[in-house]
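Let the hints inform the model, and build the full structure from the sequences given.
For this note's numbering, add 1 to where a residue sits in the sequence shown, where the first one is 1.
Where hints are given, some of them may not hold.
[Said to hold, decoys possible] With a cut-off of at most 20 Å between alpha-carbon atoms, the simulated SDA-like pairs for lysine to any residue come out as follows:
1. 59 / 120
2. 7 / 101
3. 59 / 78
4. 7 / 94
5. 124 / 112
6. 7 / 46
7. 59 / 15
8. 127 / 6
9. 7 / 57
10. 59 / 75
11. 7 / 54
12. 127 / 5
13. 31 / 123
14. 7 / 75
15. 59 / 98
16. 124 / 50
17. 127 / 46
Derived by calculation from the structure, the hints in this document are not laboratory data.
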Amino acid sequence: MCRRRKVLAALSLASAVSVGAGGGLLWFYKLVPEILTIFTALAVLLVLFAALEIRAGKEWAIHLGASLATVAMITSSLSRAHFRALLQFGRAPVITVLDVLMVAGFYVFPAAYLIMWGYLTAKIMKEMKNERTNSHHP
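What follows is the structure, encoded as structure tokens:
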């Protein structure tokens with residue numbers, strides 16, 4: 002289980018780094034209002050905190066990571082700015098880099114996290130069921 006927990010933490014970290022790098026570039030090139038940069042930084046800090054707690058073996062953090070991954074995918078999917086940015090893919094190097102970071106940070110790593118989380122949750126539930134079954138039969 003330890004290795005899988007490390008994978009979940011790494012996926013969270015990768016998402017945070019991607020979103021953080023994208024936010025940093027958006028701030029550097031003054032492409033977004035400063036308030037969005039602040040909210041991005043806060044979100045990145047929350048995901049980094051979750052990654053550390055996941056690595057430390059905190060079960061609640063593993064579920065928090067799944068919630069954060071879901072929120073990331075939904076909010077990005079509903080964002081007109083993200084959609085418009087994707088339409089600009091390939092038009093300028095910085096926009097292309099930003100798009101790649103956005104797709105990685107808001108979709109690829111969160112989706113991988115959710116797949117792994119679902120697998121782990123199913124496995125844990127099966128183990129718990131087996132333990133209950135075995136405890137009834139001495």
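Hint check results:
About 17 Å separates the Cα atoms of residue 59 and residue 120, which keeps this hinted pair within 20 Å; it holds. Distance restraint check for residue 7 and residue 101: the Cα-Cα separation of roughly 24 Å exceeds the 20 Å cut-off, and the hinted pair is therefore not satisfied. Between the alpha carbons of residue 59 and residue 78 the distance comes to roughly 29 Å, so the proposed pair goes past 20 Å and is violated. Between the alpha carbons of residue 7 and residue 94 the distance comes to roughly 33 Å, so the proposed pair goes past 20 Å and is violated.
At most 20 Å may separate the alpha-carbon atoms for a hinted pair to count; residue 124 and residue 112 meet this at roughly 18 Å. The straight-line distance between the Cα atoms of residue 7 and residue 46 is roughly 18 Å, inside the 20 Å bound, and the hint therefore holds. Proximity of residue 59 to residue 15 is assessed by CA-CA distance (about 19 Å); at most 20 Å being required, the pair is judged to hold. Taken as a hint, the residue 127 and residue 6 pair is honoured in the structure, with Cα atoms around 18 Å apart against an allowance of 20 Å.
Proximity of residue 7 to residue 57 is assessed by CA-CA distance (about 9 Å); at most 20 Å being required, the pair is judged to hold. Taking the CA atoms of residue 59 and residue 75, the gap is near 25 Å; set against the 20 Å cutoff, the hint is violated. Using a Cα cut-off of 20 Å, the hinted pair residue 7 and residue 54 holds, with the two alpha carbons roughly 11 Å apart. Between residue 127 and residue 5 the CA atoms are separated by roughly 16 Å; this keeps the pair inside 20 Å, and the hint holds.
Of the pairs offered as hints, the one joining residue 31 and residue 123 is violated, with about 44 Å between alpha carbons and a cut-off of 20 Å exceeded. Distance restraint check for residue 7 and residue 75: the Cα-Cα separation of roughly 25 Å exceeds the 20 Å cut-off, and the hinted pair is therefore not satisfied. Between the alpha carbons of residue 59 and residue 98 the distance comes to roughly 34 Å, so the proposed pair goes past 20 Å and is violated. Straight-line distance between C-alpha atoms of residue 124 and residue 50 comes to about 25 Å, which puts the hinted pair past the 20 Å bound.
Our distance criterion of 20 Å between C-alpha atoms is broken by residue 127 and residue 46, whose separation comes to about 33 Å.
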